[in-house]
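Novice: This is what each chain is made of:
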Amino acid sequence: MIRFSNVSKRYPGGYEALSDVSLHLAPGEMAFLTGHSGAGKSTLLKLIALIERPTNGQVIINGQNFAKVGRRRIPHVRRDIGIIFQDHRLLFDRTVFDNVALPLIIAGHSHPEIGRRVRAALDKVGLLNKEKMYPITLSGGEQQRVGIARAVVNKPPLLLADEPTGNLDPELSREIMGLFEEFNRVGVSVLIASHDLELIRQLGHRVLRLDHGRLAGDSGGAR
Amino acid sequence: MAETQRNAPEGARVVKMGAATLLRSWLLRHVQTFFYTLGQIWRRPFNAILTAAVIGIALALPAGLYVLLGNAQQVARGWDGATQVSLFLKRGVSEARAQALARELETSAGIGSVRYISREQALEEFKSLSGFGDVLQVLEDNPLPSVLVVFPRVEQTQGPEVMEQLLERLRARPEVDLAQLDMQWVKRIYAMMDIVRRGVWVLGSLLGLAVLLVVGNTIRLAIQSRRDEIVIIKLIGGTDAFIRRPFLYTGFWYGLFGGAIALLMIQVSLWLLAEPVAGLAGLYGSSFRLHGLDFVTALALFGGGCLLGLLGSWLAVGRHLREIEPT
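Heads up: the protein sequence lines correspond to chains H and C, in order. Each residue of the first sequence is one higher than the last, beginning at 1 in this note's numbering. Each residue of the second sequence is one higher than the last, beginning at 1 in this note's numbering.
Simulated from the structure, these hints should not be mistaken for laboratory data. Some clues are possibly wrong.
Reference excerpt, derived from the structure (chain H facing chain C, CB under 8 Å, subset only) [to be verified]:
1) ARG53
2) GLY57
3) ILE83
4) LEU91
5) LEU102
6) ILE106
7) PRO112
8) ARG116
9) LYS124
10) GLY126
11) PRO135
12) SER139
13) ARG150
14) LEU158
From the derived model, a few chain H residues whose C-beta atoms are all more than 12 Å from chain C [what the hints assert, rightly or not]:
15) GLU16
16) GLU29
17) ALA67
18) HIS88
19) ARG94
20) SER110
21) ASN154
Remember, predicted model here, so these are calculated numbers, not experimental data. The beta carbon of each residue, even a glycine, is placed where N, CA and C say it ideally should be.
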């Protein structure tokens with residue numbers, strides 16, 4: 001699902017965020033990405049989301065070599081990747097329903113189809129009764145669950161999450177991680193950047209550890 | 001549907017969806033955007049009204065001038081009909097020949113009627129009008145030629161060139177000594193109207209450019225204020241076209257509403273002018289009335305507004321959308 005081959009990313013100014021990283025995440029696998037701040041976690045996720053391009057090496061996601069994806073193809077590639085952000089990135093002038101519906105509207109689905117799928121996604125994250133509310137009236141945990149519903153609503157084969165529990169208390173964090181495990185159970189590949197080491201240890205999934213832009217540890221999984 | 005194609009490359013996806021489905025989803029998106037942008041304007045009408053009013057004024061100025069110019073042309077054409085050509089016949093032409101010529105001319109194209117003034121009549125007229133009657137009595141011989149007064153029938157659509165042609169034709173007659181037409185003032189008026197017409201175009205172009213800039217700037221501000229939204233939409237797979245569409249529709253609405261406001265302003269102005277104009281015309285013994293915008297001009301006003309709105313937003317979107325990328 002995700003394959004990095006000797007990937008380096010050097011930003012203008014010479015700062016090397018990732019150096020010579022090679023890793024492979026199999027379809028249906030769930031893994032955590034850890035490391036201190038500035039270790040390159042965000043850069044790695046940005047390379048997968050096509051927000052950044054590698055300076056060296058090859059990124060292949062879902063069988064597509066990203067070096068061959070032109071600017072115009074980027075949106076279509078991104079539709080197959082559900083991204084969850086630490087700051088949720090919701091649209092505050094739209095209801096929960098409209099936020100979750102956005103990926104489906106972009107993909108051009110019909111009205112009844114959108115309603116059906118949005119409600120299914122909201123049901124999964126336990127927010128079906130809040131579809132008419134505005135995100136600002138929801139708690140942090142609920143906002144994050146709206147973000148997750150939006151990421152999964154068009155059933156992408158890969159979920160990326162950047163510090164999804166960064167601002168949540170341990171109880172809520174566990175709930176959110178439980179959601180990711182549920183999606184993983186039905187075959188979605190999940191990669192979560194997090195530094196909540198305690199929680200990660202308890203969950204017992206594969207852990208990829210970055211240190212100063214290098215892959216310093218890999219607790220197992222496909223190679 | 002999407003599940004089965006999720007892993008397919010774009011080309012395969014297009015083939016699988018079929019042309020009809022694709023067209024329907026494309027139309028659906030446009031209809032959605034159409035109402036979505038209208039709803040946005042409806043929810044916050046003040047900004048939209050301000051922008052539309054500026055566009056309206058910018059459109060109303062040249063369009064209003066154009067309407068007034070049309071009215072002025074109508075008046076000038078009326079004056080064309082009042083012109084007459086005096087044909088002074090050669091001295092050797094007999095009275096019978098002159099009258100035959102008058103009848104012949106009456107039947108030829110471009111001429112309404114012909115009045116024959118014999119040498120005696122001319123003398124009588126001159127005596128009574130000039131006040132030199134006593135002096136003329138001294139003359140043994142009548143010095144005045146006989147005259148044919150020709151009233152041309154000029155079509156409404158024809159300009160001064162047609163009159164010139166008619167004059168040439170009359171002048172070429174062997175019986176005619178001198179053909180005289182005082183057309184200088186008609187020519188001057190046409191020349192002035194040419195200047196005004198050119199001026200309307202210059203003004204229209206400048207104000208059209210202003211509309212473009214107003215719309216462009218409004219859309220630029222809208223893009224900037226929705227920066228976060230654009231970034232999010234890009235992150236979850238929105239194409240440039242998808243992001244561009246609502247802004248283009250918004251520009252279109254601004255143009256359309258601007259056109260409507262311009263139309264309203266012109267009609268109200270004409271309505272305010274109608275009475276004094278009718279009064280003035282009455283003083284000249286004319287039944288002239290101000291004409292409003294005709295259907296085609298009104299349509300052009302709307303169309304021009306929409307086109308400028310679209311173009312302005314297109315320029316702004318093309319310029320600013322690429323700058324906003326997720327980081």
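Novice: Examine each Cβ of chain C, and state whether all of them lie more than 12 Å from the Cβ of H/SER110.
Specialist: At about 7 Å from chain C, H/SER110 fails to clear the 12 Å cut-off, so the statement is violated.
Novice: Does the CB of H/ILE83 sit less than 8 Å away from some CB of chain C?
Specialist: holds, 6 Å
Novice: Regarding the hint that H/LEU91 lies at the interface with chain C, is the smallest CB-CB distance below 8 Å?
Specialist: holds, 6 Å
Novice: Just to be careful: measuring from the Cβ of H/ARG53 to every Cβ in chain C, is the smallest value less than 8 Å?
Specialist: Given a least distance of 12 Å, the restraint on H/ARG53 is violated.
Novice: Would you check whether H/ARG116 satisfies its interface hint, that is, whether its CB is within less than 8 Å of any CB in chain C?
Specialist: violated, 12 Å
Novice: Can H/GLY126 be said to touch chain C, with a Cβ gap under 8 Å?
Specialist: With Cβ-Cβ at 21 Å, over 8 Å, it is violated.
Novice: Are H/GLY57 and chain C close enough, Cβ to Cβ, to be under 8 Å, as the hint says?
Specialist: violated, 21 Å
Novice: Test the statement that H/ARG94 is away from the interface with chain C: the closest C-beta pair must be farther apart than 12 Å.
Specialist: violated, 9 Å
Novice: Can H/LYS124 be said to touch chain C, with a Cβ gap under 8 Å?
Specialist: Violated, about 16 Å.
Novice: The hint names H/LEU158 as touching chain C; please verify it with the least Cβ-Cβ distance against 8 Å.
Specialist: violated, 10 Å
Novice: May I ask you to test the interface hint for H/SER139 with respect to chain C, counting a Cβ-Cβ separation under 8 Å as satisfied?
Specialist: violated, 20 Å
Novice: Answer holds if the nearest beta-carbon of chain C is closer than 8 Å to that of H/PRO135; otherwise answer violated.
Specialist: Nearest chain C Cβ about 12 Å off; hint violated.
Violated hints, in rising order: 1, 2, 7, 8, 9, 10, 11, 12, 14, 18, 19, 20, 21; the structure is consistent with all others.
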